[in-house]
Amino acid sequence: MTGPGSGPTGRVTLLADANVLIDYRDSGDLAILSLVAQHVGPLLVASTVFDEVHDLGVDDCARLGVRIVEATTAQLDQAGRVKPRVSFNDGVCFVVCRDEGWVCVTNDRALQRLCRQHDVSVRFGLGLLLDLAAERAITYGRAEAVARRIQNVNPLHINDRVVADFLAALDRTVRR
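FYI, this note's numbering numbers position 65 of the sequence shown as 65, with every residue one higher than the one before it.
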């Protein structure tokens, strides 16, 4: 993955929203996050967002290579004034990614829309599996299994259409 958010090596810096961390935690395969940090780019979470993710501790993040970062006071202030269709923590993700040139990783459609409106790079949570498959860091089977487990725990947002689209993209990624 190259483009906005890419560092000097072509790797991107990713800032995860709580829903992405929760989905991977609930899938039973947190090791995916470690693979993302190793093969795709630094994986970060804002401290205010991290506080939303129960059953994931600071030590877990360190072991997985997920770095907890602090938004500045100015960024927190701006996040509080973001459009009312996103939560404060979603506003934090948006503002930090905008200011730092990072990629916002989220399943939240309102946050995705806000990012796109302001030319902030955005990545869907299952997109991390595509990145890993493209890097040959995981197999097709593992990517599909994790996506289906995420769907089982989050069927409202990761519905049949989302999984079908993901599998089509995975087919294209693996077969290229």
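For the record, the hints were derived by calculation from the structure and aren't laboratory data. Treat the hints with caution; some may be incorrect.
Pair by pair, the computed Cβ-Cβ distance ranges are [what the hints assert, rightly or not]:
id, residue 1, residue 2, range
1, H157, A62, 25 to 33 Å
2, H54, R148, 19 to 27 Å
3, G101, L156, 16 to 24 Å
4, R175, T72, 28 to 36 Å
5, H157, G65, 35 to 43 Å
6, H118, T72, 12 to 20 Å
7, K83, E52, 36 to 44 Å
8, R175, P84, 22 to 30 Å
9, V69, Y140, 29 to 37 Å
10, R148, D55, 33 to 41 Å
11, D77, E52, 27 to 35 Å
12, D26, G141, 16 to 24 Å
13, G57, R175, 33 to 41 Å
Computed from a prediction, not measured in an experiment: that's the story for all the values here. Idealized CB from N, CA, C, for every residue including glycine.
Verification of the supplied hints:
no.: 1; hint: H157 - A62: 25 to 33 Å; verdict: holds (28 Å)
no.: 2; hint: H54 - R148: 19 to 27 Å; verdict: holds (23 Å)
no.: 3; hint: G101 - L156: 16 to 24 Å; verdict: violated (31 Å)
no.: 4; hint: R175 - T72: 28 to 36 Å; verdict: violated (44 Å)
no.: 5; hint: H157 - G65: 35 to 43 Å; verdict: violated (25 Å)
no.: 6; hint: H118 - T72: 12 to 20 Å; verdict: holds (18 Å)
no.: 7; hint: K83 - E52: 36 to 44 Å; verdict: violated (19 Å)
no.: 8; hint: R175 - P84: 22 to 30 Å; verdict: violated (43 Å)
no.: 9; hint: V69 - Y140: 29 to 37 Å; verdict: holds (33 Å)
no.: 10; hint: R148 - D55: 33 to 41 Å; verdict: violated (21 Å)
no.: 11; hint: D77 - E52: 27 to 35 Å; verdict: violated (20 Å)
no.: 12; hint: D26 - G141: 16 to 24 Å; verdict: holds (20 Å)
no.: 13; hint: G57 - R175: 33 to 41 Å; verdict: holds (39 Å)
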